[in-house]
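Trainee: Given the coordinates of chain A, assemble chain B onto it according to the supplied hints.
Just so you know, the sequences run in chain order A and B. As numbered in the working numbering, residues 49 to 440 make up the first sequence, in order. As numbered in the working numbering, residues 521 to 1044 make up the second sequence, in order.
Per label pair, the in silico range of CB-to-CB distance: (1) A:Lys136 x B:Arg903: 29 to 35 Å; (2) A:Phe106 x B:Arg909: 35 to 41 Å; (3) B:Ala719 x A:Ala398: 54 to 60 Å.
A partial selection of chain B residues facing chain A, derived with a Cβ cut-off under 10 Å: (4) Thr879; (5) Tyr896; (6) Arg909.
Read the hints as simulated data drawn from the structure, not as lab findings. Glycine included, every Cβ here is placed at the ideal spot set by N, Cα and C.
Given next are the chains, with one letter for each unit.
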Amino acid sequence: MLRLPEIHFEKRLKPPRWLGPAMPPIAVLAALIIGGLILWASGRDPIDIYQRMVRVSFTNPGALSATLVAATPLVLTGLAAAITFRMKVWNIGADGQLMIGAVFASAAGIALDEQGLAVSMTVMIIAGMVGGGLWAAIPALLRVYLNTSEVLTTLMLNYIAPLILFYLIFSTTSYWRDLTTEGARVFPRGKTILEGAFWPEYGGGVVVPFGFILGIVLAVLLTVVVRSTRFGFQMRVSADSPTAGRYAGIRTARLLVLVMVLSGAVAGIAGASQIGDFSHRLEPKILQFAVFGYTGIAVAALVRYHPLGVVVSAILVGALSNAGLALQGPELPLGLIGVNQGLILLLVAASEVSARYKVVVGRRPRTGHGAQQAGGDLDGGPAEEPASGGVS
Amino acid sequence: MTAAGAPTRDQDRHTVSARGVTKAFPGVVANDGVDFDADRGEVHALLGENGSGKTTLCKILTGLYRPDAGQVLVGGDTVAFRSPADAYEAGIFMVHQHFSLVSSMTVAENVVLGWHRDKGRVFNRRQVEEEVARAAERFDMHIDPRAIISRLSVGERQRVEILKALYRGARTLILDEPTSVLTPQEAEQLFVSLRRMAAEGESVVFISHKLDEVTALCDRVTVLRHGRVSGSADLRTSRVDARGLARMMVGRDIAFSRRSRVDALGDSEPALELRDVSAVEAHGTLALHEVTLSVRPGEILGVAGVSGNGQVALAEVIAGLRKRTAGDVTLQGKPLPSGNPRAAADRGLAYVPEDRLGTGLAPGLTVADNCVLKAYRQRELGRGPFLSRIRILARTRRLLKAFDVRGTAESLVRQLSGGNAQKVLLAREISSEPQVLVVATPTRGLDVSAMESIRSILLEAAAGGAAILMISEDLAEILDLADRIAVISRGRIQGVLEADGADPTQVGVLMMGGSLEDTGVAAP
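Next up, chain A with everything else stripped away, as it sits in the complex (with noise of 0.2 Å):
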């Protein structure tokens, strides 16, 4: 009978220090490689692809423009949830917690008289904040005091926010809803807000949204909040392990609270800026299709959990999916570039694995039953045959 060669992973003793950052860039370039030989097998000129993609994504003012916008909601959604992430708390809802910081930001923004930017600015930011915080909490206070999961209970609270938009927009005349035209009370809308609190964008050819601007802030905040205050090295003790934290006198129920609460007002800050920086009226359709906050965990997940990370995985996931809007037509499919973007996520993820264990390829004679299982622990990996594979 054919034998294939066995693969078996070998826990690495040491880690080599610089393999962990090493590990996403290397990730990158290896889908990217892969990719390319899928664009060539399918009859397409790989370098040609990716030169344009580079083109319609960086290299004019207009397309980095566009990637940045792209990359804005997310870097935003990215640190929402780096923070509970990290800890091991999976906060999955920053889409709705975003929507609700949408309301919160618009309402705030209709209300506004002519006040000035930035405390009109200000205002939109808090309200955002308080709108995602206070939809993070509802799943974090059931967590904590009737022990459900998170997970099911942000991804339900998921659902629940949109509906709660169309029912603003489209199903009563709210606050929120532009009854000023005969136009709009047919086709319902939401309601502008005031004209002086557009938030600005940056840069003379690029346009950089405030937006933006605000993210790169938050992540170097959290970064320092995370390394060098009390609250962050309580973070990083119950994220290591939260029996230690416990054990330390960390009063983990309400950290967790917190941390949550943090989060969704990060993702509220991403609604405030889809309204300010954007659509500057709540647009259910459009927050509800674009799904920011799924993007923002694997944007995360890309640079596992780092803040500032984080910025620089949004704005390549941000150029992808700009990419791919541009490019596709008849001769390059939609699907063929989320292929590469699947690809990109795929190997990102995989090479976590690879920092921390070395794949040996090679036949190992079949041994009987049992042996597998009861010889095959980590630290005891076969040493009686050299590896013939080596290192990915």
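Mentor: Coordinates of chain B only, in the frame set by chain A:
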């Protein structure tokens, strides 16, 4: 009890031998040219510290690992085991520390589970039960073949494992630290059975690091150190005592610190007091039942018992990690709130938990972070909401130096050896100058030298006036260190004895749930 296919050349002197066995793992040579013989009719001890290569050697003998160099011989013939099944065929069985029994099935069912002695035949329950009962009787192992495993004690389960091996035709039985889960009485009973097996011509390999057991039970001893044979002796003919064995094991003379009980403790008020304290497990069963204990400043109260009898709950209730369902805990005369670890720590309680990596230490954080695991709230470690790295590192270096920890402030706790990790934990807890120190299994799994430094650290803390509650499964350790011994069984304190002149047999009776009256001793 010969299995079909077992080697027939039993007349040879050696049943199982290793010749020049070498086995390396990434970063460590576990066995380096080891020679070993297990003779017919003997109990052969394999002695060594943790990490000396005992278990690796046995895994090679039972086909779990294959040696990089050297040979395994059975009955004088070179064999190449490719799996445990091959070793079974040759009559070599190992009883691991973690049993592999199906707890919802009976003893007899477990004995035949996965084993086809007569291929194709249906399971004849009655016949198997009879055979198991006969074997149990023959080796003095009291066990009912119809009993369900989940109802059996740990000692009884171990007997099932041994019976399983014998039923399957074991000629050589390897036991990996079998007494670590037993009371003194159960261990005694096990020794009787093992001697009986040897007398019947089987051979028994007994892995241990307890010297007194080896001298009491075994015929020969092979000592391993750093993967090599550092000595061997025939205990029937030579006069090697525990001290001599210890020297072979460690490579130098060691003298364990013992408590000198001359200093009177006086009538000082207890620093820690428990009155009728009860607690439950997470799934609702009773963990502690009306426990009353007190520890005075400068005193070490040893809590002895077989593991899993409420020790964890006792420690956690005092440390505030578990809520008590009834009773009071007072620290320095003041009542302690239930289930509040921060309050307990703030009132001067230090706790070294049984689960070091995971509860007592955060393994993925640095030594420096772990040194301030509880102190991070202290004003002098930072300013406002910020922590000062410089001050944390300064404190860490001071602790590492004072407690002789090998490791840097920046290394991850996960990368430390067991002994060094435990030292970090003790260093942090003791440096907080606690009034009361609760330590659980402080030396378990540590090598002899680390064990000795932990012991002297504890004695020093007691001399400095701390009241110490020491939970341990190692009765010898408790007898060495404690002033008084409280024995716990099924969540109840069976009795409290003065450690001076305490008889291990008495303690054993209490450990199995007997009362002081059963031992014929009046309570102090």
